[in-house]
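Q: Now for the letters of each chain:
Number of protein chains: 2
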Amino acid sequence: KRLRQLKVQHGWDQEDSIVANDLISEPGPYGLHESMFLITLRDQGTPEQHKLFLKKAENYQIIGCYAQTELGHGSNVRGLETTATWSPEDRTFIIHSPHLTASKWWIGSLGRTANYAVVMAQLIIGGKPFGPHPFVVQVRDLKTHEPLENVHVGDIGPKFGYNTMDNGFLLFNHVKIPHVNMLARFSSVDPATNKYVRPMSASLVYGTLTWVRSHIVLQSGSVLARGVTIATRYCAIRRQFQDRDAPQSEKGETAVLNYTMVQVRLLPLLAATFALHFTGQGMMRFYAESQKKIHGNANAASADRGAGPEETHAGSDSLADLHAASCGLKSLASSIAAEGLEVCRRACGGHGYSSFSGIGPWYADYLPTTTWEGDNYMLSQQVARYLLKSARSVKKGEKPTNDTTQILTEFLARSDMGAAFDIIGKDEDLVAAFAWRTAYLTFEAYKHRDEEKKAWNDLLVDFYRLSKAHSQYLVVKNFYEALQSSSTTDALDEETRTVLHKLFRLFALNTLEQESSEFYQSGATTVRQIILARTNTVMKLLKEIRPHAVRLVDSWDFPDWQLDSSLGRYDGKVYEDLFHRASELNPLNSITVDPYPESSVLFKKDESRDFKSKL
Amino acid sequence: KRLRQLKVQHGWDQEDSIVANDLISEPGPYGLHESMFLITLRDQGTPEQHKLFLKKAENYQIIGCYAQTELGHGSNVRGLETTATWSPEDRTFIIHSPHLTASKWWIGSLGRTANYAVVMAQLIIGGKPFGPHPFVVQVRDLKTHEPLENVHVGDIGPKFGYNTMDNGFLLFNHVKIPHVNMLARFSSVDPATNKYVRPMSASLVYGTLTWVRSHIVLQSGSVLARGVTIATRYCAIRRQFQDRDAPQSEKGETAVLNYTMVQVRLLPLLAATFALHFTGQGMMRFYAESQKKIHGNANAASADRGAGPEETHAGSDSLADLHAASCGLKSLASSIAAEGLEVCRRACGGHGYSSFSGIGPWYADYLPTTTWEGDNYMLSQQVARYLLKSARSVKKGEKPTNDTTQILTEFLARSDMGAAFDIIGKDEDLVAAFAWRTAYLTFEAYKHRDEEKKAWNDLLVDFYRLSKAHSQYLVVKNFYEALQSSSTTDALDEETRTVLHKLFRLFALNTLEQESSEFYQSGATTVRQIILARTNTVMKLLKEIRPHAVRLVDSWDFPDWQLDSSLGRYDGKVYEDLFHRASELNPLNSITVDPYPESSVLFKKDESRDFKSKL
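The listed protein sequences correspond, in order, to chains A and B.
For the first sequence, position 180 matches number 182 in this note's numbering, and the numbering has no gaps at all.
For the second sequence, position 393 matches number 395 in this note's numbering, and the numbering has no gaps at all.
There's no promise every hint is true.
Identical copies look the same in the list; a pair holds intra-copy or inter-copy alike.
Unchecked claim - Derived EDC-like pairs: lysine to aspartate or glutamate, alpha-carbon spacing no greater than 20 Å straight-line:
(1) K178 - D418
(2) K575 - E83
(3) K449 - D566
(4) K542 - E483
(5) K542 - E515
(6) K145 - E50
(7) K456 - E546
(8) K449 - D556
(9) K542 - D460
(10) K456 - E496
(11) K545 - D556
(12) K504 - E546
(13) K504 - D460
Source of the hints: derived by calculation from the structure; they are not laboratory data.
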């Protein structure tokens with residue numbers, strides 16, 4: 003607890019600079035004020051509301067958070083229990099938490115910091131529910147910082163990581179707020195007629211989440227890169243065992259990174275850092291383009307309430323394609339990064355478990371990314387739904403309008419001929435094999451759902467595979483296209499391009515090999531091709547990339563103080579630093595304990611008391 | 003730090019009872035004194051040494067630890083740098099750490115607690131090295147508990163978990179110890195002649211590690227079962243979303259455990275808890291039998307120094323088979339348990355990340371098991387070495403002497419006919435398919451190494467796969483045999499046996515499906531069989547096991563206070579407990595902070611000060 007309060011304090015000192023926040027790499031109490039709270043006020047508030055709330059928030063006169071998740075409700079936003087009942091008499095909304103499970107939960111910055119919240123609550127007018135909407139609610143006194151009357155608010159307690167963030171809970175007992183506190187840019191209640199005013203287009207509302215997910219994809223590359231940097235540097239320094247085949251004359255131990263069993267764990271992750279980075283960049287570009295298009299015809303589309311854009315515009319709208327891609331890629335990219343960090347930690351052997359490795363806390367802080375902004379498993383359903391819709395469109399003979407319908411159409415066209423991809427010889431064929439597998443799994447899902455009428459629930463596992471397959475295709479395609487693009491080829495010298503190309507092949511072939519059974523089944527490859535990819539090509543690529551490995555992680559350019567890792571030091575002084583931290587910086591070593599179980603005394607001597615009293 | 007000191011103190015109170023220690027499920031400072039220190043003194047000491055050290059240790063007059071790992075040397079015991087130089091003049095050994103990397107590191111209980119250590123050091127006589135041997139060395143004063151002269155000892159600092167254990171470092175500057183401090187049951191230095199006395203049999207020395215690894219296998223089942231219990235109970239309570247296919251009349255949300263995507267993650271792990279438990283039991287039985295046999299002919303075998311028993315007795319010795327099995331299974335079982343716990347945590351959704359889930363800290367404390375007692379990747383080489391040796395013996399036409407050589411012989415005998423296993427229809431065939439895959443991969447490895455003379459390093463990835471395949475075969479076989487054995491069939495009623503049989507099939511078919519590409523390649527199954535196993539059989543088994551899931555985890559019988567989890571409560575009062583812990587037990591909620599960044603004050607009010615001053 004003490005440590006946490008210190009960090010909270012530390013966060014405040016850095017407050018003025020967002021960049022500094024990014025660099026200290028720890029979630030601070032103002033993170034959500036600056037992101038979700040300000041953005042929601044800005045995007046969903048009217049000019050009047052901007053004046054009333056946004057201005058103050060920007061000046062830190064009010065500190066806010068975004069309260070959506072409830073104790074009993076995570077991904078299912080429509081199931082939220084908190085209510086906002088319109089009271090026509092005094093033109094107010096009554097915010098109320100009918101059950102314990104309606105308690106807002108996990109709300110970042112709410113635990114100790116925020117005095118305002120954007121609360122997502124079910125709008126009820128005249129006894130009729132109109133779904134969740136955002137309301138601005140004050141929760142603590144601006145002077146005393148005590149909770150307001152009928153507001154029960156507090157911190158939810160320790161977590162596996164992320165303990166520098168004060169996640170909170172929040173319950174309301176019939177709290178009244180004025181009409182103006184419902185954020186009314188998209189939908190509102192007319193106080194004169196007591197009628198609900200519908201939003202113009204659902205697409206605009208969904209846009210923000212698509213952006214957030216695309217950003218997670220972009221980040222996942224550099225998140226993983228930290229772990230890969232530490233593990234690669236350490237494994238290049240650390241020596242263990244002699245090579246069994248080495249001649250007696252070479253008595254030294256071998257650098258761990260020279261072992262193929264270490265290479266096969268780390269180097270594909272090194273390739274993945276670049277693959278994810280290029281994919282994230284591609285997504286952000288794609289997003290910017292879509293936004294332009296949408297704003298051209300926002301008023302034309304009359305969105306069907308209750309369905310996401312993947313239902314309403316499939317096959318004809320680039321936003322739907324982007325939305326599905328952002329769901330699938332967020333899921334895949336954050337899984338690769340989280341699991342990859344743990345692989346990096348273990349590749350550091352015993353010392354990976356020490357806090358001085360710098361990987362453990364980083365991993366623990368990153369883990370919730372696999373659950374928030376859409377649970378990675380839940381999101382796969384959105385991708386499957388979009389692909390099913392696209393398959394229906396293609397089956398009906400509609401013309402392809404984007405890449406997804408394009409690859410489905412091509413697959414159908416070759417259904418009487420089968421595929422023949424030269425996955426090891428030609429890069430285009432390697433990408434095409436991934437597309438083929440996606441298309442095969444899409445039409446399998448189509449068959450099960452639309453023709454055999456299987457239950458949705460019985461297909462969830464297939465949908466998850468489908469989403470993963472599609473997302474892997476997108477990563478491989480994005481990586482490939484980034485290498486072809488003139489901006490890449492112009493910026494890099496010949497040798498760098500060659501190494502990057504090897505990383506591309508390693509990433510693609512290693513992924514293909516891991517998912518080989520789907521590639522066989524779809525007929526995209528032969529069994530022989532996979533065996534060759536595994537035993538020859540991948541092993542050869544590892545050997546070729548090995549000499550460049552340290553230079554490649556250095557290109558991510560993390561400064562030592564940011565990595566905060568004995569093992570990942572740029573100068574390789576691993577053991578000196580580990581020893582320094584353990585022996586000299588470790589406050590425990592100024593304490594002498596009494597070791598005998600009969601003794602009732604805990605300490606013989608405790609020189610750290612001076613240190614503690616300073617806290 | 004404060005928390006840790008409390009726990010250390012807490013550990014002492016519980017000291018008198020090992021069972022209590024097991025129940026609190028946290029590593030305490032005496033854990034290694036009681037296990038590694040006492041066992042090493044007992045097994046490797048002479049009667050004279052027992053009187054001198056063991057007696058005192060048993061009475062806690064001296065507190066010890068086992069100091070093997072060094073800063074620069076983990077798995078490679080032969081590479082240890084600490085030296086013990088025989089000094090004939092005064093009949094002493096001089097213990098010395100020549101470099102920083104020679105510092106003992108990670109030594110449990112050494113950080114603050116121990117005053118004695120068994121130190122593994124390179125024995126040097128007359129300038130000649132004789133490999134690592136165990137020496138008893140006092141490191142701290144028995145009264146003041148201060149480090150002795152020329153001993154630099156301390157705690158290595160915080161870790162990812164396991165912070166209730168005081169892992170330490172230890173350096174020696176030419177410390178003299180008497181001749182009697184070299185543990186001399188197996189090997190010794192004759193003080194009269196200054197000659198080294200060799201051990202009788204290497205097998206005896208290796209026995210302890212085999213036992214330790216078998217015990218890890220047995221434990222892994224119950225370690226995983228804790229996570230599976232919490233996740234299964236919570237997912238049976240938690241409701242999210244409506245089933246897409248449900249009729250409008252059924253408005254309630256569906257229990258998360260009814261979703262196939264959740265079942266496919268949790269139920270195979272539930273099956274794994276039983277599979278690992280039965281396998282561990284089988285290993286312990288097998289170990290007891292081998293020990294009997296060995297003690298019959300310990301003097302007959304003259305072990306070749308420098309090689310493990312897997313080299314010297316392959317094919318003819320049950321200990322070699324057991325040693326290889328213990329290496330492979332330790333690696334597989336601890337990986338399944340560690341990764342399974344993380345799957346359980348994520349299956350709990352957002353709340354899995356809360357400390358109140360009870361899974362996070364348990365997972366973090368378990369993680370080092372994948373590295374210690376042999377890194378999981380390193381161990382696979384031992385298995386491969388043993389299987390290669392067995393393959394050579396079979397190729398030479400030698401008669402099979404154990405199960406391993408038996409399955410290799412059967413594979414060769416059918417090499418002109420191929421296999422035809424009815425994996426879905428017959429359980430024996432399912433087990434046989436796993437054996438076939440092991441044999442196929444063994445002879446592939448034999449071909450690469452012995453015929454094509456490939457470099458050992460280039461085959462490490464293949465060896466890892468081989469070890470995994472062999473270990474999975476052993477788990478499937480042990481599970482199958484446990485279900486057939488009369489002790490199981492007599493103890494359980496018909497219905498329980500039926501459910502356990504379904505768990506066996508789920509575990510085996512799910513594993514087979516995940517490793518499907520090796521099953522295709524070996525010709526053990528057809529592609530069609532795997533598709534059927536996945537889309538029909540496994541999905542059907544999930545549905546059949548679902549109604550028994552909660553009863554099955556209840557059979558592990560963890561009391562609530564041991565699970566220490568809001569989510570895994572037996573009575574299902576998940577949300578009440580989460581709320582109680584966050585709102586009432588959370589000391590942070592008695593603190594009121596000052597939220598504004600300009601303010602230099604951190605707290606408005608802090609009622610927790612009373613609480614803190616008590617510590």
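Q: Indicate, hint by hint, whether the structure satisfies it.
A: Consistency of the hints with the structure:
In the homo-oligomer, the alpha carbons of K178 and D418 never lie at most 20 Å apart, since the shortest distance is 66 Å inside one protomer and 83 Å across protomers. Taking identical chains as interchangeable, the C-alpha atoms of K575 and E83 lie at most 20 Å apart only when they sit on different chains, with a minimum of 19 Å there against 55 Å within one chain. Taking CA atoms no more than 20 Å apart as the test, K449 paired with D566 passes in neither setting, with 52 Å inside one copy and 46 Å between copies. When the C-alpha separation of K542 and E483 is checked against a cutoff of 20 Å, the pair qualifies neither within a copy, at 24 Å, nor between copies, at 42 Å.
Taking the shortest alpha-carbon separations for K542 and E515, only the intra-copy value of 15 Å comes in at or below 20 Å, while the best inter-copy value is 28 Å. For the homomeric pair K145 and E50, neither the shortest alpha-carbon distance inside one copy (25 Å) nor that between copies (75 Å) is at most 20 Å. When the C-alpha separation of K456 and E546 is checked against a cutoff of 20 Å, the pair qualifies only between copies, where the shortest distance is 18 Å, while the shortest distance within a copy is 48 Å. Proximity of K449 and D556 under a CA criterion of 20 Å is satisfied in neither setting, with 48 Å inside one chain copy and 39 Å between copies.
For the homomeric pair K542 and D460, the shortest alpha-carbon distance between copies (10 Å) is at most 20 Å, but the shortest distance inside one copy (41 Å) is not. In the homo-oligomer, the alpha carbons of K456 and E496 never lie at most 20 Å apart, since the shortest distance is 53 Å inside one protomer and 33 Å across protomers. Proximity of K545 to D556 under the C-alpha cut-off of 20 Å is restricted to the intra-copy arrangement: shortest distance 19 Å within a copy versus 50 Å between copies. Taking identical chains as interchangeable, the C-alpha atoms of K504 and E546 lie at most 20 Å apart only when both belong to the same chain, with a minimum of 8 Å there against 47 Å between chains.
Within a single copy, K504 and D460 get their C-alpha atoms only as close as 40 Å, which misses the 20 Å cut-off; across copies the closest is 19 Å, which meets it.
Consistency with the previously given hints fails for numbers 1, 3, 4, 6, 8 and 10, ordered from lowest to highest.
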